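Engineer: Sequence:
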Amino acid sequence: MTNSTRKPSIIAGLSLLIMTFAAFYSFGFVHSQVVVVNPIQTIKNIQASSLFQTGLLGWFIIILTDIIVTWAFYKVLKPINSKLATLSALLRGVYTLFLSFAVYHLVVLAMTAGSLSVPQVTQHLDAFDSLWSLGLILFGGHLFVVGLAVNQNRQRILAFLLVLAGFSYTLVHLLKNFFPLFTATQSIESILMLPMMVGELGYGLWLLFKGGKTNPPAFNAPDSAVS
Numbered sequence: 001m002t003n004s005t006r007k008p009s010i011i012a013g014l015s016l017l018i019m020t021f022a023a024f025y026s027f028g029f030v031h032s033q034v035v036v037v038n039p040i041q042t043i044k045n046i047q048a049s050s051l052f053q054t055g056l057l058g059w060f061i062i063i064l065t066d067i068i069v070t071w072a073f074y075k076v077l078k079p080i081n082s083k084l085a086t087l088s089a090l091l092r093g094v095y096t097l098f099l100s101f102a103v104y105h106l107v108v109l110a111m112t113a114g115s116l117s118v119p120q121v122t123q124h125l126d127a128f129d130s131l132w133s134l135g136l137i138l139f140g141g142h143l144f145v146v147g148l149a150v151n152q153n154r155q156r157i158l159a160f161l162l163v164l165a166g167f168s169y170t171l172v173h174l175l176k177n178f179f180p181l182f183t184a185t186q187s188i189e190s191i192l193m194l195p196m197m198v199g200e201l202g203y204g205l206w207l208l209f210k211g212g213k214t215n216p217p218a219f220n221a222p223d224s225a226v227s
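In our numbering, the protein residues as written are 1 to 227.
Quick caveat, the hints were computed from the structure, so don't treat them as lab data. None of the values given here were measured: they were computed from a predicted structure. Every residue, glycine too, gets a C-beta built ideally from N, C-alpha and C.
For lysine-lysine, the following PhoX-like pairs were computed, each having C-alpha atoms within a straight-line distance of at most 25 Å:
1. Lys213 / Lys75
2. Lys75 / Lys7
3. Lys213 / Lys78
4. Lys83 / Lys210
5. Lys7 / Lys213
6. Lys213 / Lys83
7. Lys210 / Lys75
8. Lys78 / Lys210
9. Lys210 / Lys7
10. Lys7 / Lys78
11. Lys83 / Lys7
Using C-beta positions, here's what the derived DEER-type ranges look like:
12. Thr112 / Arg6: 38 to 48 Å
13. Val107 / Ile157: 31 to 41 Å
14. Val118 / Ile10: 41 to 51 Å
Starting from the given sequences, assemble the full structure and let the hints guide the process.
Structural biologist: Pasting the structure below:
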């Protein structure tokens, strides 16, 4: 990683921090407060305050920062391994499309919740969950590929955390989508929650404070390994 990657490293790190705070707010706080087991109460919650709308703003910020991170990661990883950089950008780009389609269903709810039937509200909420979850399978693949590239840059600990996070995302959401009757999925997700959170955020912090400041040997030769 050379000094030419310092700017995209900073952009990636800052964007990931913004994304993390937005995700904690929109999903960790707003979604858990507004979307409850009772769909009728959920409709009332959506209509009762502007909380749901502010959560949507957070989702839009997440989508925007995902696009920025896709570009920034590509610029950071390209000098290490251009093919892995391209593959990681493709996977994250498609994931962001899935997330965008998922958030569309929340926008529909925000605009029309009062006129929708209970089954329609449930359908939109289920569509949000399933589309986002399917996208997170690809997101896990993205982190795995980023980990492979980072490993070629001799950042072994960061690479391990990224690969573990990628494996965790992909495993959990494969189980959720294709093995819905598997009873241990929630327990597995709880166990893997910490590595899922630490992997990308840890890399983002490293990029913010150290990325692009060092100049280890380039590793473009292994490109053939992913041909």
